[in-house]
Structures are given as C-alpha cells and as structure tokens.
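Chemist: Chains B and U, in that order, give the protein sequences. The numbering used here puts the first residue of the first sequence at 1, with every later residue one more than the last. The numbering used here puts the first residue of the second sequence at 1, with every later residue one more than the last.
What the hints contain is simulated information worked out from the structure, not anything from laboratory work. Quick caveat, the model's predicted, so the values are computed rather than measured. Beta carbons: idealized from backbone N, C-alpha and C, even for Gly. No incorrect hints appear here.
Computed, partial: chain U to chain B, Cβ under 10 Å:
| no. | residue |
| --- | --- |
| 1 | Val4 |
| 2 | Tyr35 |
| 3 | Gln37 |
| 4 | Lys41 |
| 5 | Phe42 |
| 6 | Leu43 |
| 7 | Ser48 |
| 8 | Asn50 |
| 9 | Ile56 |
| 10 | Phe90 |
| 11 | Cys91 |
| 12 | Ala92 |
| 13 | Gly101 |
| 14 | Leu103 |
| 15 | Phe105 |
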Amino acid sequence: QKEVEQDPGPLSVPEGAIVSLNCTYSNSAFQYFMWYRQYSRKGPELLMYTYSSGNKEDGRFTAQVDKSSKYISLFIRDSQPSDSATYLCATNLLSGGYNKLIFGAGTRLAVHP
Amino acid sequence: DTAVSQTPKYLVTQMGNDKSIKCEQNLGHDTMYWYKQDSKKFLKIMFSYNNKELIINETVPNRFSPKSPDKAHLNLHINSLELGDSAVYFCASSPRDLNTGELFFGEGSRLTVL
Numbered sequence: 001q002k003e004v005e006q007d008p009g010p011l012s013v014p015e016g017a018i019v020s021l022n023c024t025y026s027n028s029a030f031q032y033f034m035w036y037r038q039y040s041r042k043g044p045e046l047l048m049y050t051y052s053s054g055n056k057e058d059g060r061f062t063a064q065v066d067k068s069s070k071y072i073s074l075f076i077r078d079s080q081p082s083d084s085a086t087y088l089c090a091t092n093l094l095s096g097g098y099n100k101l102i103f104g105a106g107t108r109l110a111v112h113p
Numbered sequence: 001d002t003a004v005s006q007t008p009k010y011l012v013t014q015m016g017n018d019k020s021i022k023c024e025q026n027l028g029h030d031t032m033y034w035y036k037q038d039s040k041k042f043l044k045i046m047f048s049y050n051n052k053e054l055i056i057n058e059t060v061p062n063r064f065s066p067k068s069p070d071k072a073h074l075n076l077h078i079n080s081l082e083l084g085d086s087a088v089y090f091c092a093s094s095p096r097d098l099n100t101g102e103l104f105f106g107e108g109s110r111l112t113v114l
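Chain B extracted, bound-state conformation (with noise of 0.2 Å):
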C-alpha cells in the first residue's frame, strides 16, 4: 500500500464546476499536508499548505483536513480552463532529523470551455 493514494483521474469538468480532489494516507505520524498544481511540462508548485484538521481557504481553493479519517481534499470553484493541470497531494515525513516529501500519485483535471 502507497503511503499517500490518490486517484489518477483524468477528471474532466465544465467550466465552472466545482472540483473536488481527495487522497487519503496511511500513517498518522504524518503532520502537515500541502496541495501541489504541476502544469504540463513544468516543475510543481506549491498551491496550499495546511497543518491542522479543518478547512483552509485560499481565492477559489479550499484544503481540508481530516486527520481522523487521514483524508485531504482540495476543492476549486468555480474551475478555470487555466486550472487543467495535474494536482498532487503531498505530506511530510521526518527521516533521520530531516523532513521528506511524499506525493500522491497526482489527479489529472481538466476544464474545458
């Protein structure tokens, strides 16, 4: 089992719609989770960063978190065509005193006109 599920997708919505994104995790030791947007051909980029169980509100993008369950989520609304991109979950790990990434496997959406 991958430390971090999330489906691949590809998910295609109408301009507009509001997006739902979801991974879940398996360890509970895992402390802060972020939201990633990678671009075709491109590096990612950090999108959001949560901490805390809850709900954390950016423009038209919401993380949230609920550790009980270890599931994350990442809401758009009203999607953009500029917002086709690949969204990667990812949480931290602590590994000999230093923090690594581990992603998701990456959700592939796409907003047409």
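Go by the hints and put chain U onto chain B.
Modeler: Just chain U now, kept in the frame of chain B:
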C-alpha cells in the same frame, strides 16, 4: 531569473550509455533534491543533500550517483542506462527545515532510454 534550473531539458540515449543532469538554484536554499516522475506522474524522492552533505538516500540503484559540489549545485550521473530509467527527473530545493512544505522545482529533465 530562473530559481531552479536544470540541464538538459531533454535527453534521448541508448541503453547502456552514461548520462548526467545538472541542477543549480539561486534561492540561497540549503537543501536540494532529486525526484523521479514516472509516466503515471508518480513523483518519488531519490536523494537529498543539505549543504553538500547527503541526507536522504532512498532505495535507488547504485548506477545513480548524485554529487553536490556546493550548496547551490546538485548533479545526477546515471551509469549503464536501462529502459526503466526513462522518466522525468526533477531537481528541487528548499530551506533547511521545510516546515512550510514548499519545494521549489526545476522544469524537469526528460530522459528517454531506447
């Protein structure tokens, strides 16, 4: 001004050859990484260096040898390339403690082994 730059962007080579990828960051970060992304977009850490010292070494074949001449540079040399090495290799950097979870990635080096 590119923050994390890696070269070359594309490599196409034959099985058994040796190749190198170079990475440089101008962010002043202490820590640099190599990640491998396979065809299914799964991104997996390979190595990490903190101020030229190897701190993370995942289960990677010893055909892969990283080298960090200084904290702004991290190179990856691959010997005896195999078909399964075909992937996109990303260099990344971060501040030492990574407590905001932010890695800064380069644009990737797409390796195709024929």
